[in-house]
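The chain contents come next:
2 protein chains.
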Amino acid sequence: MDEMLIKLGENAVKAERELAILNVTVKNDALKATADALVNRADEIIKANEEDVENAKKNGMSSALIDRLLLTKERIEGMAEGLMQLISLPDPIGEVLSMKKTAGGLMIGKKRVPLGVIGIIYEARPNVTADAFGLCFKSGNACILKGGSDAINSNKKIVEVIKDALKSLNLNENSIQLIESTDREITKQFMKMNKYVDVLIPRGSARLIKTTVEESTVPVIETGSGNCHVYVDEFADIDMAVNIIYNAKTQRIGVCNACESLVIHKKVLAEALPKIAAKLKEKNVEIRCDEEALKVMPELKAATEEDFYTEYLDYIISVKSVDSIEEAIEHINTHNTKHSEAIITKDYSNANKFLNEIDAAAVYVNASTRFTDGFEFGFGAEIGISTQKLHARGPMGLNELTTSKYIIYGEGQVRK
Amino acid sequence: MDEMLIKLGENAVKAERELAILNVTVKNDALKATADALVNRADEIIKANEEDVENAKKNGMSSALIDRLLLTKERIEGMAEGLMQLISLPDPIGEVLSMKKTAGGLMIGKKRVPLGVIGIIYEARPNVTADAFGLCFKSGNACILKGGSDAINSNKKIVEVIKDALKSLNLNENSIQLIESTDREITKQFMKMNKYVDVLIPRGSARLIKTTVEESTVPVIETGSGNCHVYVDEFADIDMAVNIIYNAKTQRIGVCNACESLVIHKKVLAEALPKIAAKLKEKNVEIRCDEEALKVMPELKAATEEDFYTEYLDYIISVKSVDSIEEAIEHINTHNTKHSEAIITKDYSNANKFLNEIDAAAVYVNASTRFTDGFEFGFGAEIGISTQKLHARGPMGLNELTTSKYIIYGEGQVRK
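Heads up: the protein sequence lines correspond to chains A and B, in order.
Sequential numbering of the first sequence, starting at 2, is according to this note's numbering.
Sequential numbering of the second sequence, starting at 2, is according to this note's numbering.
Pulled out of the complex, with its shape left as it was, chain A reads as follows:
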């Protein structure tokens, strides 16, 4: 393995042992110091960012991507604000989740501790650098960051500023480390550093996440895409359905918890679909229908089977009509990405059935799928939304960046 990576790994392990036992006041003071430093040294950061932006323009990067790369004074203040918000959150570390006495008199407790070293792989969004550091640091973890090559100068400067702030408080500057190499081979090796890295979190496009899952031997927390459904039950309040669908589809289109597909019971199709279509027309949403739905509104477009698997992230929605709640559940479980699903119903048993049988991170009765979010769930911060089942499922806050260890108090017990 690359010498530089080994060095980063050793540094991170050393740093995490110090971080794991820091008092929350020390951690909060450091978050304040790093937030202040980012604002105070905004000019330096903007200058480094200008280099990246210039190079990106030369390389023909699209204006949308350049906008994500660009740092302004306001955006840097936003990064600092993100760190400040973490201060108000309780320390996730040290809580003893349970403590029980065994027949043999041992007291066995389960204590929340940091994961250790967290690797974060992301694209050319330099704001993630400060954000990821803050979440890892507050939860007592050291982080090793691998950002997009196009943001390398911005990231180097942001990391330098944070390291300086940590040093000024006599804290281990290797609490945050950046892989400065832009060699893809190095990134591949980074994904196999099981000896030093406890978990990898890829943040970004579906392709980035897929590559990380495929290449990595280090455990990965997968944050994924959302092909989210709203099911309009035969016992739905149709006005409520219209309102929720309008919100879930159009309130913000480019996000994983937006609704991409409707499932409508045939008994209410003729009543519900025209009302839904009329409301969605306000935002010019294109509606792609199955055969039954087309019979109700022949002026709409036809859906293909592929549509039912598609996360549009756009002003498009598909419609599937069903004969029963069972068919609705079967359709959703087959086509969804296990993210967020909602039923609109006034029927008690159907609500329960949907909650029980839908396989997803978040299952809603009579509410918009857009609520699947760490802030909305009251976590105060979010590192992403997990669509895998291991370790964390759904919005991940600070607690999801921790693990546990058993602490056992004995009085000389031996095993018989």
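Simulated from the structure, these hints should not be mistaken for laboratory data.
One or more of the hints may lead you astray.
Because identical chains share one entry, a pair is satisfied inside a single copy or across any pair of copies.
Within a straight-line C-alpha distance of at most 27 Å, the following computed DSSO-like cross-link-like pairs (lysine-lysine) qualify [stated by the list, open to error]: (1) 193 / 211; (2) 302 / 280; (3) 268 / 74; (4) 101 / 112; (5) 347 / 102; (6) 111 / 354; (7) 112 / 354; (8) 354 / 15; (9) 211 / 196; (10) 33 / 102; (11) 267 / 347; (12) 101 / 347; (13) 189 / 268; (14) 211 / 101; (15) 211 / 189; (16) 280 / 193; (17) 111 / 101; (18) 417 / 284; (19) 276 / 417; (20) 354 / 102; (21) 296 / 101; (22) 354 / 282; (23) 268 / 193; (24) 15 / 267; (25) 8 / 59; (26) 101 / 354; (27) 347 / 193.
Since the structure of chain A is already known, use the hints to place chain B on it.
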């Protein structure tokens, strides 16, 4: 991907949807029926096993491995007994771990649900087949098993018996499926079935686990080796230390929670080491010492640096002497496998320091490391002991074969 594997995957997903919503009484009845069937059809199983044993002998398998492969009437009764024990355990599924109301009036609950489809890869120990099925089934998961090729006839028969018992109760027989192919390429493909398999658990040798971690794209729960330490503090009760060390080293030597290395404070080295050595001599334990310890007992063997990294699983133990508890913690955190570690001390602060700063799944004060075990911890069953930090750490019982989903009760809420 291989057609047969895809079929197994599809079957498993279908089965797990049925399993996820089974009532606990139905699950318990099925466990009883499978246990009875194993005993009633023991002759068939033994006959199939005889084929495997004959082949193994022809292939020159060692007698120790043949013993692990061999099934007798008693051993089959033991398998059935294991299934019966699961009946008395509470259903891990369906519990709502928390339920909170948001400012917007949503009720957000976190509900325990099965992982889904669990893949188990193991060696030629046919008892694991029934054991793994029972744990997965009680926790509402479908399992796909890949056992060692040498046990293929035994496994086929055991799976047939279990499937028949499930069918007799009109339950989905694909709750348990066996990969019958002994082609290694198939096993490799099995490790990449992310679309169908939620988690892989390798059970067996360090090599099997390493291969699974390296080859798999499906999330893996790693159960690992244990290089466990007992630290004799300067404030230790020496008699207690002797007793605990004797237990931790010799009560059972071939297990991951056995003690492999001692760390002794130099202030008590001259008093403690001879007493420990005298007691360990009862079992002819070989003691390998660092320089300081050798000065106390020159008749013992010298340890190399490699000794301090070695999990002997034998009547051998290493001794490292230290100047301080800090040095002890540093030594252990550097050399351990994050399994189980113990301090023997009468000092309050040193006990706390050790509990806080040692990085391991289980950290003990004044007790034997041998207690790290699902049964000893009161879980009633165990699928293994996780030495990784993601999802589960330490002994894994039924709860560790579950995940959660958020269930959200609304009254028409949309996001602002």
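Here's how the hints hold up against the structure:
Proximity of residue 193 to residue 211 under the C-alpha cut-off of 27 Å is found in both arrangements, the shortest distances being 15 Å within a copy and 12 Å between copies. Only within a single protomer do residue 302 and residue 280 lie at most 27 Å apart by alpha-carbon distance; the minimum there is 17 Å, versus 83 Å between protomers. With identical chains, the CA atoms of residue 268 and residue 74 are never at most 27 Å apart, being 55 Å at best within one copy and 59 Å at best between copies. Taking CA atoms no more than 27 Å apart as the test, residue 101 paired with residue 112 passes in both settings, with 12 Å inside one copy and 23 Å between copies.
With identical chains, the CA atoms of residue 347 and residue 102 are at most 27 Å apart between copies only, with a shortest distance of 20 Å across copies and 46 Å within one. For a Cα distance limit of 27 Å, the shortest separation of residue 111 from residue 354 across copies, 16 Å, qualifies, whereas the shortest one inside one copy, 34 Å, does not. Taking identical chains as interchangeable, the C-alpha atoms of residue 112 and residue 354 lie at most 27 Å apart only when they sit on different chains, with a minimum of 14 Å there against 36 Å within one chain. When the C-alpha separation of residue 354 and residue 15 is checked against a cutoff of 27 Å, the pair qualifies only between copies, where the shortest distance is 17 Å, while the shortest distance within a copy is 50 Å.
For the homomeric pair residue 211 and residue 196, the shortest alpha-carbon distances inside one copy (22 Å) and between copies (12 Å) are both at most 27 Å. For the homomeric pair residue 33 and residue 102, neither the shortest alpha-carbon distance inside one copy (41 Å) nor that between copies (31 Å) is at most 27 Å. Taking CA atoms no more than 27 Å apart as the test, residue 267 paired with residue 347 passes inside one copy only; the shortest distance there is 16 Å, against 73 Å between copies. Only between protomers do residue 101 and residue 347 lie at most 27 Å apart by alpha-carbon distance; the minimum there is 22 Å, versus 43 Å within a single protomer.
Proximity of residue 189 and residue 268 under a CA criterion of 27 Å is satisfied in neither setting, with 53 Å inside one chain copy and 48 Å between copies. For a Cα distance limit of 27 Å, the shortest separation of residue 211 from residue 101 qualifies neither inside one copy, at 41 Å, nor across copies, at 34 Å. Taking the closest pair of Cα atoms, residue 211 and residue 189 come within 27 Å of each other both inside a single copy (13 Å) and across two copies (18 Å). When the C-alpha separation of residue 280 and residue 193 is checked against a cutoff of 27 Å, the pair qualifies neither within a copy, at 50 Å, nor between copies, at 44 Å.
In this assembly of identical chains, the alpha carbons of residue 111 and residue 101 lie at most 27 Å apart whether taken from the same copy (9 Å) or from different copies (23 Å). For the identical chains of this complex, residue 417 and residue 284 are inter-copy neighbours only, at 16 Å across copies versus 71 Å inside a copy, given an alpha-carbon limit of 27 Å. Proximity of residue 276 and residue 417 under a CA criterion of 27 Å is satisfied inter-copy only: 21 Å between copies versus 71 Å inside one chain copy. Taking CA atoms no more than 27 Å apart as the test, residue 354 paired with residue 102 passes between copies only; the shortest distance there is 22 Å, against 38 Å inside one copy.
Taking CA atoms no more than 27 Å apart as the test, residue 296 paired with residue 101 passes in neither setting, with 62 Å inside one copy and 43 Å between copies. In this assembly of identical chains, residue 354 and residue 282 lie within 27 Å of each other by CA distance neither inside one copy nor across copies; the values are 32 Å within and 64 Å between. Within a single copy, residue 268 and residue 193 get their C-alpha atoms no closer than 54 Å, and across copies no closer than 42 Å, so neither meets the 27 Å cut-off. When the C-alpha separation of residue 15 and residue 267 is checked against a cutoff of 27 Å, the pair qualifies only between copies, where the shortest distance is 25 Å, while the shortest distance within a copy is 62 Å.
Taking CA atoms no more than 27 Å apart as the test, residue 8 paired with residue 59 passes in neither setting, with 34 Å inside one copy and 50 Å between copies. Taking CA atoms no more than 27 Å apart as the test, residue 101 paired with residue 354 passes between copies only; the shortest distance there is 21 Å, against 35 Å inside one copy. Proximity of residue 347 to residue 193 under the C-alpha cut-off of 27 Å is found in neither arrangement, the shortest distances being 51 Å within a copy and 42 Å between copies.
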